[in-house]
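For the sequence shown, this note's numbering assigns the number 1 to the initial residue and increments by one for each residue that follows.
Do not rely on the hints blindly, as some may be mistaken.
DSBU-like, lysine-lysine: derived pairs with alpha carbons at most 30 Å apart [to be verified]:
#1 60 to 19
#2 93 to 17
#3 260 to 295
Treat the hints as calculated values from the structure; they're not laboratory data.
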Amino acid sequence: MIPNLWYAILESDEVKKGKPIGVTRMGEKLVAWRDTRGAVTLMSDKCPHRGVQLSVGVLKGDCIQCPFHGFEFDTSGACTFVPANGRNAEPPKAIKAHTYPTREAHGFIYLWWGEPCESYPELPFFESIGEDMVYGSLRDHWATHYSRAIENQLDVVHLPFVHYNSIGRGNKTVVNGPLCRAEARYPGDNLLDIWVFNETDRGQTPLKASQMPEPNRRPSLQFRFPNVWHNWISDDVHVMIAFAPIDDENTLMYLRFYHKMRTPVIRNIVNFFGSLSNLYIERQDKVVVLTQQPKRSDLNIGEKLIQGDGPIITYRKIRRGLIEQAESSLTGRGS
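Produce the entire structure from the sequences given, and follow the hints as far as they go.
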């Protein structure tokens, strides 16, 4: 995983008031819970006293109680009560559970994976998905690294083969470009805009990205590091995915179908058919992507890429750069 970025790792409705839940994300066992105000805490799912999972404990006001010996921890991870020491005893400062910076927005719970900061960057999302939009959502587990799942959504070459009877109909096998531009709209941001210009093979030579005219339309695809993707179908219809890393070999896909049909009955119908369509297309991808080796993508893993793989090459370069930047920052602090 890339350090020092916000990751969308859960949907808001997965964490309910009154009950902690245990999840595995970023290769770590975490416990998620809401305090009495409804704010979410993400904490290591391991009691620092004897290593028991806190997620099988209970909530006591704004604290979580370990089920083994009753130790209580607040939202900062500080131990506030040790029953064996008595109610009037000073809680031991050395016993502290690890917590993660957490934010909640857009119906997602975000985790900051990295060094604590005085000032955190904005949460990754897409400006074109306005608050006037509603969505249907579904979740699907993929047994592969999240980078492979992401790259599949940046791959414009596979469309007429994997999706020959859905979004790849028309046998548009020739890939012009594609155009892929990286930009940053705020500190810490990395946004990829991708324009797709596939067409049927008439014997023509595909245009290189440098030969493409300036696009006069919105991008077809967008990806915002580290783990959110967006298919801009129209101003009124969007498909969005958050790729939540479970560990190095597993990813939970959060697929959303956004639209503007707010009338309850119509909204539910659109949500149902939109989500069903998303699932069908996603499952076509899944059958193929799960066979890729190695499971984790990176530069120089032995693949022979072509011109049409431009967005994947750009993604890998930025991803590798962000990892090296974070590693360099840590080395600099230690020297």
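We went through each hint and held it up to the structure:
1. 60 to 19: holds (10 Å)
2. 93 to 17: Within the cut-off at roughly 27 Å; holds.
3. 260 to 295: violated (37 Å)
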